[in-house]
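A.B. asks: Residue numbers (the UniProt record's numbering), protein chains in the order written: chain A, 1 to 515; chain B, 1 to 515.
Because identical chains share one entry, a pair is satisfied inside a single copy or across any pair of copies.
Straight line, CA to CA, 20 Å or less: simulated EDC-like cross-link-like pairs of lysine to aspartate or glutamate:
1. Lys256 x Glu174
2. Lys50 x Glu456
3. Lys50 x Glu15
4. Lys50 x Glu18
5. Lys256 x Asp193
Calculated directly from the structure, the hints in this document are not laboratory data.
Protein chains: 2
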Amino acid sequence: MTESIYSTYPPKLSETQEQFLVSTIKDWTIQHGLTVRPPATFVSQDAVSKGVLATNAPVTLFPSPFPKACFEEARAVQKVYNELYARITSDEKWLGEVIEELIDVDDFVAGLWKVHQAVSKEGYVQDLSVGLFRSDYMVHTLGSETASLKQVEFNTISSSFGGLSCRVAALHTELLQSPPGHSLSYPGHPLLDGRVPPENTAVETLSAGLAAAHEAYGPSKSSPALPLGILFVVQEGERNIFDQLALSTRLTQFHKIPVFRLVTSEILDRTSIAEANPSRPLIYTPPHAQGTPFEITTVYLRSFYAPTDYKTDRDWSARLQLERSAAIKCPTVLNQLSGCKKIQQVLADPNKPDYLARFVPTAESEGTQEKLRKTFAPQYDLSPSGRGRELALNPETAARHVLKPQREGGGNNVYKEAIPEFLKSIPESDWKGYVLMELIQPPSEASNVVLRSDGEVVSGNVVGELGIFGTILWKSNGEILHNEEGGWLMRTKGKESNEGGVAAGFSSLDSIILY
Amino acid sequence: MTESIYSTYPPKLSETQEQFLVSTIKDWTIQHGLTVRPPATFVSQDAVSKGVLATNAPVTLFPSPFPKACFEEARAVQKVYNELYARITSDEKWLGEVIEELIDVDDFVAGLWKVHQAVSKEGYVQDLSVGLFRSDYMVHTLGSETASLKQVEFNTISSSFGGLSCRVAALHTELLQSPPGHSLSYPGHPLLDGRVPPENTAVETLSAGLAAAHEAYGPSKSSPALPLGILFVVQEGERNIFDQLALSTRLTQFHKIPVFRLVTSEILDRTSIAEANPSRPLIYTPPHAQGTPFEITTVYLRSFYAPTDYKTDRDWSARLQLERSAAIKCPTVLNQLSGCKKIQQVLADPNKPDYLARFVPTAESEGTQEKLRKTFAPQYDLSPSGRGRELALNPETAARHVLKPQREGGGNNVYKEAIPEFLKSIPESDWKGYVLMELIQPPSEASNVVLRSDGEVVSGNVVGELGIFGTILWKSNGEILHNEEGGWLMRTKGKESNEGGVAAGFSSLDSIILY
Chain A
1 MTESIYSTYP PKLSETQEQF LVSTIKDWTI QHGLTVRPPA TFVSQDAVSK
51 GVLATNAPVT LFPSPFPKAC FEEARAVQKV YNELYARITS DEKWLGEVIE
101 ELIDVDDFVA GLWKVHQAVS KEGYVQDLSV GLFRSDYMVH TLGSETASLK
151 QVEFNTISSS FGGLSCRVAA LHTELLQSPP GHSLSYPGHP LLDGRVPPEN
201 TAVETLSAGL AAAHEAYGPS KSSPALPLGI LFVVQEGERN IFDQLALSTR
251 LTQFHKIPVF RLVTSEILDR TSIAEANPSR PLIYTPPHAQ GTPFEITTVY
301 LRSFYAPTDY KTDRDWSARL QLERSAAIKC PTVLNQLSGC KKIQQVLADP
351 NKPDYLARFV PTAESEGTQE KLRKTFAPQY DLSPSGRGRE LALNPETAAR
401 HVLKPQREGG GNNVYKEAIP EFLKSIPESD WKGYVLMELI QPPSEASNVV
451 LRSDGEVVSG NVVGELGIFG TILWKSNGEI LHNEEGGWLM RTKGKESNEG
501 GVAAGFSSLD SIILY
Chain B
1 MTESIYSTYP PKLSETQEQF LVSTIKDWTI QHGLTVRPPA TFVSQDAVSK
51 GVLATNAPVT LFPSPFPKAC FEEARAVQKV YNELYARITS DEKWLGEVIE
101 ELIDVDDFVA GLWKVHQAVS KEGYVQDLSV GLFRSDYMVH TLGSETASLK
151 QVEFNTISSS FGGLSCRVAA LHTELLQSPP GHSLSYPGHP LLDGRVPPEN
201 TAVETLSAGL AAAHEAYGPS KSSPALPLGI LFVVQEGERN IFDQLALSTR
251 LTQFHKIPVF RLVTSEILDR TSIAEANPSR PLIYTPPHAQ GTPFEITTVY
301 LRSFYAPTDY KTDRDWSARL QLERSAAIKC PTVLNQLSGC KKIQQVLADP
351 NKPDYLARFV PTAESEGTQE KLRKTFAPQY DLSPSGRGRE LALNPETAAR
401 HVLKPQREGG GNNVYKEAIP EFLKSIPESD WKGYVLMELI QPPSEASNVV
451 LRSDGEVVSG NVVGELGIFG TILWKSNGEI LHNEEGGWLM RTKGKESNEG
501 GVAAGFSSLD SIILY
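Next up, chain A with everything else stripped away, as it sits in the complex (with noise of 0.2 Å):
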């Protein structure tokens, strides 16, 4: 089925068919928000720096078909996800053994973990943290096998595209049903027969998660006490701005919550913990506004997570700023490092020990562990007489791995056959910053038509890759006080590009119709 179903998907298009949704899409993107900044490759860098046009995020034509068992499989299993890793952070001690591994091979892990270990020093002020993430996963297909599940990577900080990723939906459940009561926007096929995308609460979602933080904070700290509010930590010239505004918008216009926007730049400025108060209260005075500080309550980082955000010692003392102040962080430095691959390879690697029983409480039915099992896909490190190094070297098994660089903008992964010849051009004290991992087998005729943000329209083989999001709040004891599971991304990449974020180009956002 999952083959079968792409053999006939998309419906073709005609000339006049693809011109009528084209210009359709390009009009409601811009009337609803489903937009991004444009690119300097595509406008002049003076009309950029106006800070005025706008232009529609690169999205699918058609929604993409997605196995129901596999989309409530991933839904199920969220909240268990969301549990696992707030343990791992709190598990300091298997946390920093899995990390200290990494130090010699990775700046960027070091420089946060130097962060962690200062504030630890110190003494951490908040016993709180807040995560907002997103599990992402391909369907992977074996001949004619059904369909399962496996996990790409568990995301627990700035987990993107929560927002416009409502909208996909919204926008592909408009053609579906338009005009009323006809449904002529796409050629009839029986996949989309009366069929829509599921609901897609992520807005919601991930706005409730942040909300939720900024109520458990509790009264001022400060004395005498401050108004509270919410601060979004974001990057300079964002153009993916549309999608956190779809979070901001939500905490400010249901939820009441004042939300501030800080570029990382700025945060030393702007922002201040008053020393005198041992309960070290996180001050952020609005520019425009600096008779009325706020305290801040919780911290949502859309910076901060690549190695190109810290660009200077002044962004690293930044980020140690918010870390040891009394604001509940989204996430922590702690939070942020669970997300590594070398975590996820850790749990996945079928030579470990069974590291998932010490994380998933057995009080929670065996059946729950095998269920995030099953999502694995085997993963394992490059460690000498390992499992993984033997598989990498041998060219016959190495054409079912990829090889990726745990560094966040490490290089590129490295595919099948390559793997071998890769190895033996690097120094051997570089393996250890490699994850070896049982490549996925999406279905292979998966094909679609994008709209570019540009306006071009390609064709062709994708691959897609389904996000789940979920939040938690918990305390450091262990305690969870908020736990959710709720809306999804789905995005499709032209089958050419292994990497890159939607936002980088050639990827795009898309919505899914169950079968």
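Chain A is already provided as a structure; the job is to place chain B on it using the hints.
C.D. replies: Just chain B, lined up with the frame of chain A:
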């Protein structure tokens, strides 16, 4: 009050306050579709041609103060105005007499009249007309007198900006109340304290007018019966498309009515009238779904209002095709003609018979006529030995007047002392192409700050124009099936610019704070 209110309004912005407001508005407008397509002067023609870029509609940073009594007065007379223009339209004899005076000097009016005559000869097959009207006013102040309301124009075709106007009201409302519980976006000012713009239901009202027409059309007149829908006739390359989409989205999502957009140049390609069917239903075949023709119940014109919309005879044929069809027109040719400046002048000419009494039935108390008349600024034609000619040629009296060309696109207004000289420079036979209007004196110190579509921020003295939206559906026998008032538009123009639509560049969309 009206003058003095501006001595402290709008409050001065510091550099960081302006920066915050401007960047917030740049983001908000894109997020909420308060947008236009950018002009080719701002981005390259090549980028524009991709059809994906958008920028903010020009908007004021602050809502403008507006006298509450004037706002209520304007709303109170709208349904009477709707009825007045419906009655004028239905009085073909009276309307024809006024229009025929213009035919010599105005090819455009002549062309429209010819369309009416052709259909009249053949016989109209549609007894219903629908109007989406907008009555535009300025606040008139003289010295320290109380402000009064004076009508600038009554629009019977393509009354625009209902869609975007609602969003400007929402923008200013959100700014006035943000962050939640604090209101720090603007510097403090008594006029802004606790106030927000009045509710703006323009989208609901205008869409309900079209929906009422669709409903009143009745069952399909084709055999076999065809599905029914509304047709938006639009200009090629419309930059103000998102204003229009607000209405079609409301019609499809709330009223569940199919809506199609068609550029004028494609009317003859995509629509047809079954000549064998004496009811002359208008059939529209969507290019993307050619197997499913629709019967058009209602033609909504967002084109065909200006001479430039009729480039060739083919355009006139297209207008004729719509006019002679069974579709309900918004508006008919006659209804469009009723919106001529000349009609307004004839109604408002103190030296003419009391036409108002003819059209506003005495059953509605004498007070009603008086309420309308109060909104008129005196207007005159320039007929020999008439009062208008006398006022226009005397420099002293000319100084209180503006000379307006009757013809759309017929040149610029001529102001005050320049009037006598201008009239002497043109042949006397052309004078009947002009209307002399007593100048409305808006508050002279009104000022505001505008964010233009190219990102520039300009501030200075402004003139505001308030439009009130209304819709009416009536039978040619005078029976009224639907008559509603609802929604408003505030347009604010830099003092330098005496003319020009909002999308054209210098003027901007605004909202109001009642005082």
